[in-house]
Amino acid sequence: MNNHESLFSRDFWLLALTNLFVMTGYYSLMVTVGLYSVKKFQAPTSITGLIVGITVIGILISRFSSGYLTHIFSNKQLMVAGTILLIPATLLYQMANSILFLIVVRLIQGISIGLVSTVTNTAVVLLFPKARTGEGIGYFSLSTILATAVGPFAGLLVEQHFNFSSIHRQNY
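Residues in the sequence shown are numbered from 1 upward in steps of one, following our numbering.
Rather than coming from a laboratory, the hints here were simulated on the basis of the structure.
Predicted, not measured: the structure shown is a model, and the values here were computed from it.
Built from N, CA and C at the ideal position, the CB exists for glycine as well.
Be aware that a few hints might be false.
[Unchecked claim] Label-pair restraints from in silico Cβ distances:
| id | residue 1 | residue 2 | range |
| --- | --- | --- | --- |
| 1 | Asn97 | Glu135 | 42 to 50 Å |
| 2 | Leu156 | Ile72 | 34 to 42 Å |
| 3 | Gly138 | Leu100 | 36 to 44 Å |
| 4 | Ser6 | Leu100 | 48 to 56 Å |
| 5 | Leu126 | Leu100 | 37 to 45 Å |
| 6 | Leu126 | Leu35 | 36 to 44 Å |
| 7 | Pro129 | Lys39 | 49 to 57 Å |
| 8 | Tyr68 | Leu126 | 39 to 47 Å |
| 9 | Arg10 | Phe101 | 24 to 32 Å |
| 10 | Leu157 | Tyr68 | 24 to 32 Å |
| 11 | Leu91 | Val150 | 17 to 25 Å |
| 12 | Asn75 | Asn97 | 31 to 39 Å |
Throw the hints in and build the complete structure from the sequences for me.
Laid out in structure tokens, this is it:
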């Protein structure tokens with residue numbers, strides 16, 4: 001690839017869209033799960049903070065271990081594993097019937113988000129010629145920036161118009 005070739009390959013768009021959807025889901029749940037846990041479980045403020053923040057701890061666990069995992073598995077294998085973990089973790093919100101279960105679901109979701117986001121961030125860098133790596137990363141980063149705007153907006157919009165059961169599939 002020379003320096004004048006397009007940065008926007010099929011693989012770039014697949015990675016950017018994957019990152020956009022994963023991070024949009026993360027941010028939409030981040031702004032809604034606190035109130036959900038208060039309404040559904042009458043969780044105190046300290047526990048609500050744990051429920052909201054445990055996902056970040058899962059992401060950190062995953063990010064710290066993903067460097068080691070990339071020496072054992074390919075990016076594609078890790079992406080598949082992260083996605084296979086993320087989908088059921090997200091669906092488990094439907095079965096959350098206790099604070100402890102919700103915390104475990106959020107931790108698993110954080111681990112899977114961390115894995116998928118680390119892999120997408122690593123894989124996208126390999127797509128660009130060295131001379132245009134910074135430019136490519138800048139364009140890719142827009143998927144995360146867009147998710148930080150769209151995710152909370154979408155989560156709060158769905159919550160406002162459809163209630164928590166639409167997001168979490170639970171009636172409180």
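* Contradicted hints - numbers only -> 8, 9 and 10
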